[in-house]
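With the hints as constraints, model all of the structure from the sequences given.
Below, each chain spelled out in residue letters.
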Amino acid sequence: DTGVSQDPRHKITKRGQNVTFRCDPISEHNRLYWYRQTLGQGPEFLTYFQNEAQLEKSRLLSDRFSAERPKGSFSTLEIQRTEQGDSAMYLCASSLEAEGAFFGQGTRLTVV
Amino acid sequence: RKEVEQDPGPFNVPEGATVAFNCTYSNSASQSFFWYRQDCRKEPKLLMSVYSSGNEDGRFTAQLNRASQYISLLIRDSKLSDSATYLCVVNRRQGSARQLTFGSGTQLTVLP
Numbered sequence: 001d002t003g004v005s006q007d008p009r010h011k012i013t014k015r016g017q018n019v020t021f022r023c024d025p026i027s028e029h030n031r032l033y034w035y036r037q038t039l040g041q042g043p044e045f046l047t048y049f050q051n052e053a054q055l056e057k058s059r060l061l062s063d064r065f066s067a068e069r070p071k072g073s074f075s076t077l078e079i080q081r082t083e084q085g086d087s088a089m090y091l092c093a094s095s096l097e098a099e100g101a102f103f104g105q106g107t108r109l110t111v112v
Numbered sequence: 001r002k003e004v005e006q007d008p009g010p011f012n013v014p015e016g017a018t019v020a021f022n023c024t025y026s027n028s029a030s031q032s033f034f035w036y037r038q039d040c041r042k043e044p045k046l047l048m049s050v051y052s053s054g055n056e057d058g059r060f061t062a063q064l065n066r067a068s069q070y071i072s073l074l075i076r077d078s079k080l081s082d083s084a085t086y087l088c089v090v091n092r093r094q095g096s097a098r099q100l101t102f103g104s105g106t107q108l109t110v111l112p
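Quick note, the sequences are listed as chains E and B, same order.
The working numbering applies: residue 1 is where the first sequence begins, and numbers increase by one.
The working numbering applies: residue 1 is where the second sequence begins, and numbers increase by one.
Because the hints were derived from the structure by calculation, they are not lab data.
All the given hints hold, so there is nothing to weed out.
Restricting the straight-line Cα-Cα distance to at most 16 Å, the calculated cross-link-like pairs of lysine to aspartate or glutamate (EDC-like) are:
hint, chain 1, residue 1, chain 2, residue 2
1, E, 71, E, 52
2, E, 14, E, 83
3, B, 79, B, 39
4, B, 45, E, 99
5, E, 14, E, 78
6, B, 2, E, 44
To give an idea of the interface, some chain E residues facing chain B are shown, with a C-beta separation under 8 Å as derived from the structure:
hint, residue
7, 33
8, 41
9, 43
10, 56
11, 101
12, 102
13, 103
14, 106
Note that CB positions come from ideal geometry on N, CA and C, so glycine has one too.
Here it is in structure tokens:
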């Protein structure tokens, strides 16, 4: 499968725990995006990488959130000290230049 | 005001009907435009790019009016399988950064 891959697909965690999600983009895509989506809403932008450089971060991304793309290939999104409000679908997408982005199937996070 | 606004619907139409969705965007620096569809509890999937001259892909026609900052999607001869949420997406450039901004989506149900 050469699409965008995310792991895990589902994560249930207790409030206060740290979680890390992984995204493997389409191999030749230099752009990588993280989004968060809650029921009934469109995806909300979190952060954007061009190769290994994190070029933009949303104000939604509090200091508990951090993302990396160390070698310009896969990316990780970490949430520290999770809160119930962090429960959402976390979506990763990748693209080439000005093309539309292709999404992975997402990681559904539930904080209990 | 949201950067990308869509009528949330729902639109309930009979099979074979023609249906149109509209979208407005507020940032005149927006450079490229897309329509995505999202099925329930699935990731968004790229439906088509939107070009200034208008473009067509089978039963789907997309149009862009930069002066009015308005995007549309027309679906002709709608099928049951067209039932989904349609997301309007705007790609804004800020320096070297890119951000894909999503509308909240318009829900379509095609009825037999």
